Amino acid sequence: MPGLQLGTRRALWAYAFLLVPLAFFLAIRVAPAVSSLYISLHEWNVISPEKPFVGLRNFVTLSRDPKFAQAAVNTVRYVLAGIPVQLALGLAVAMLLRRINRFRGVFRALYFLPFVTPIVAASWVWQWMYSEQFGPLNQILVALGLPAQPFLRSPTQALYGVTAMVVWQYLGFQVVIFLAGLEAIPRAYYEAAQVDGASGWYLFRHITVPLLNPTLVFSAVYSTIVYLQLFTQVLNMTFGDQGGPLAGTLTMVLYVYQLGFQRFKMGEAAAATAVLFVAILAITLLQMRVLSRPVEY
Amino acid sequence: MALEARLAPRAAPAVLGRPRRRDPGAWLAYIALAAGTVAVAFPFYWMIVTALKSPIDLFDLRLVPSHPTLGNFTEVLTRTQFPRWFGNSLVVALITTLSVAFFDSLVGYTLAKLRFPGRGLIFVMILATLMIPTEMLVIPWYIMSSAFGWINTYWGIMFPGLISAFGIFLIRQFMSGVPDELLDAGRIDGVSEFGLYWRIALPQIKPAMAALCIFTFLGNWNAFLWPLIVIQTAHMRTLPVGIALFSGEAGSAWHLIMASSALAVLPVLAVFAVLQRQIIEGVTLTGLRG
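So the protein sequences, as listed, match chains A and B. Its first residue numbered 1, the first sequence is counted upward by one per residue in my numbering. Its first residue numbered 298, the second sequence is counted upward by one per residue in my numbering.
Simulated from the structure, these hints should not be mistaken for laboratory data. In this text, all values refer to a predicted model and were calculated from it rather than measured experimentally. Even for Gly, the Cβ is constructed at its ideal location relative to N, Cα and C. Heads up, some of the hints might be wrong.
One side of the interface only, derived from the structure: several residues of chain B facing chain A at Cβ under 8 Å [what the hints assert, rightly or not]:
id: 1; residue: Gly333
id: 2; residue: Ile497
id: 3; residue: Gln501
id: 4; residue: Gly545
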């Protein structure tokens, strides 16, 4: 009997500790998510008092909206252009760092610097670096005898210009994650393979990569979610011409912002976020399946 | 076989990160890393150089300003509400970090160390909220804030971030590692249930708490989408919103834009220089657990 009372007392304490946080999650996460789905089924203009139910019409409108299609395609382009480069460079730098003995901490910190740099400020610096006439990047190109490029002013180049900035920003983070992953691979595997005469590329291909698989999965999933939600960098790097020339840098989130908060079509904006939510969920699950093939050793 | 036996020990240290003194591979690694560092650091250099240029020198393409001046910084600090924006960001980021640190550790402790009906369900529910992207919530948050009069207030900027589901997940992992014997000993000594969390469990997970605080602070210091939506007057702007809108209005006054960027970046870099090791190790700590 006293034991039961003690257990009950402890359970009551647990509920008391959880009361405020649970209320928070219900009110600030769960209810708004449900409300967002509700809004996506209505014609919801902040200014107008009438908010009629329109079924799936907002989704139909979006599916016929060329700008939304472009935002979706651009988002895929960011993922496909950025993540392979980020993972490859991150792994290369991590492996180089493991080859050196001195200044390892200094190099690691320098590569990590962009990750802690305020994103808005960094975006404006990059916009200035890409300046067509006065930017250092074009100065370098011209000095090498190459033609100057429009970069962010070009509908085809702008997206990759933004991608480069995002890779720069996340490279150091990626390096630190890979360093930890490499650290976890037991040295005995390398030693055993070397006794058998293996070296270089073979060790990398048959030991490093397969044993690094969990780290690769984590990195790929994490950065896909980051790239699917690009907003701050895009808005600030193509600020005057929001979404870039011919919507060349427009992302899903930036389009949601424009729909909801500049054109006040909150119903359509909410529908777009529902699409984004499904995309994030689907890609996360798919990537987990594709990348997490078991390794047998 | 004899050849392999001689080659193997020489190849081994290179792979294992312990090059011998005259290992040419290590020298190549230094050169490659240094080249990469130049590329990574260049934007910072370009920012500072431009911020030091007088307006006349702005389009002079030399890499070192011929007449360096601090005038751009004073101009940004006096002509804009930059100090106010800095203060706003500090208030918002500090209060949010304190709130996250308290509630996340309390919930993490409760879920890891106390037994009660519904524990598993509550944990799964909190984890499931991680799947909801912020973008999906900003429209309802905006409608909610309009209805309650939270638009353009500190509370309006802060409320979405006051508790973090990821932080709870993280802290729960670390709290699981706190030995039950320690808590039972406390119970025998008559420590209250809150005291068990606050005085016994919490001090056990200091590195995880430090990492959580640093990344919560950085995240809120950088937050942009929601503050951009909820802030409506210049004096309520946080630093990122202030810099973005100021830079948008400044046109081609790049010396001022870079000065404002530098004023936002340099304090963060100063903090990073001091806490560098904790921050980077925090990534490993949180990233691998998560």
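Against the structure, the hints:
1. At about 6 Å, the closest approach between the beta carbon of glycine 333 of chain B and any beta carbon in chain A falls short of 8 Å, and the interface hint on this residue holds.
2. For isoleucine 497 of chain B, the interface hint is violated, since its Cβ never comes within 8 Å of a Cβ in chain A; the closest pair sits about 14 Å apart.
3. At its closest, the beta carbon of glutamine 501 of chain B sits 17 Å from a beta carbon of chain A; the interface hint therefore is violated under the 8 Å criterion.
4. Given the 8 Å rule on beta carbons, the hint for glycine 545 of chain B holds: about 5 Å separates it from the nearest Cβ of chain A.
Comparing the model with each numbered hint stated earlier shows that hints 2, 3 do not hold.
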